[in-house]
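Could you put together the complete structure from these sequences and hints?
Protein chains in written order, with my numbering: chain A, 1 to 197; chain B, 1 to 121.
Because the hints were derived from the structure by calculation, they are not lab data. Source: prediction; values computed, not measured. By construction, the Cβ of each residue, glycine as well, lies at the ideal position given by its N, Cα and C atoms. Some clues are possibly wrong.
[To be verified] Facing chain A, according to a computed beta carbon distance under 8 Å, are these residues of chain B, among others: (1) Trp-51; (2) Thr-63; (3) Ile-67; (4) Ala-72.
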Amino acid sequence: MTLAAASHGFLTPSGVEIAFLLVGLVTLGAAVVTVTTKQLVHAALWLVVALGGIAVEYLLLTAEFIAWVQVLIYVGSVVVLLLFGLMLTKAPIGRSPDADSGNRWAALLVAVASAAVLVWVVVDAFRASWIDLDGAVQGSTEVSGRSLFQHWVLPFEALSVLLLAALVGAIVLSRKTGEGSQETGRAAAPVRREGQR
Amino acid sequence: MHLAYPAVLAVLLFCVGLYGVLARRNAILVLMSVELMLNAVNLNLVAFDVWLRDALHAGQALTLFTIAVAAAEIGIGLAIVLLVYRNRGSSDVDKLTDLAERPTEDEQAQPQSQQQAEAAA
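Dropping the structure here:
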């Protein structure tokens, strides 16, 4: 606390800290609206704001490659998938009064209690820790690519196999078992008969 | 930058996601809350990677892996939700109680199992 606090004042935040704080407030507000709004499609749109805010936080932490990956994957595809899911399950447009379940107050209690404990622990643990953002860029595309393809090649390739498995699994799950496919019909027939009994 | 800023933001986002997972009724809204929790963890990973100046950049590599796994998870999760909706006409997680233990069945099942235990003895 001695040397660190001398060079970085806690009550005189730097410009990056102020920007991080403002974007963080927007992100947190959007996240809160996402989990509390009664309109299901609005929840997905507020999720875009929250995820985009996190991308800006990555940029402020000098991890620019991850910021663009976040924009591409989350804002670009995951939210679109969620919107498609909402439409395919015929989610009601407008306010739906039963968006929250009955155990909302228990959930609020759990969330507030865990937030209090975690904030206390984190602030107490990292009171005198400072991120040095002035040195070499930590997360440019060159740095990330070098580390990814020098040290993390094997996990990277294993991840592509996982993505392939997830793709095949999603197709198999969401495919309608038509009458044309005899094999699945034969496999499903005993189950159906047991269900009728 | 003080390390507490990203760490506290990640904690708060995680707890908002936790509230959403516990309190939401629609399965797709639960998936959105899971995404918020995953993003909180990603923010922590990036912040600690930049703080530690890791030579291997393990935090950022793990963040990329988490993003890919989250994309796979959302694909599979939405497929399951669509399947449930197609079979039951509702994506309400409160109604998916097939595996729940109902108290009436428990009371009926307990004497039988006691009788079986006595017979076995």
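Hints versus structure:
1. Trp-51: At 5 Å from the nearest chain A Cβ, B/Trp-51 passes the 8 Å test, so the hint holds.
2. Thr-63: Since chain A brings a Cβ to about 5 Å from B/Thr-63, closer than 8 Å, the hint holds.
3. Ile-67: Holds: closest Cβ of chain A sits about 5 Å from B/Ile-67, inside 8 Å.
4. Ala-72: holds (3 Å)
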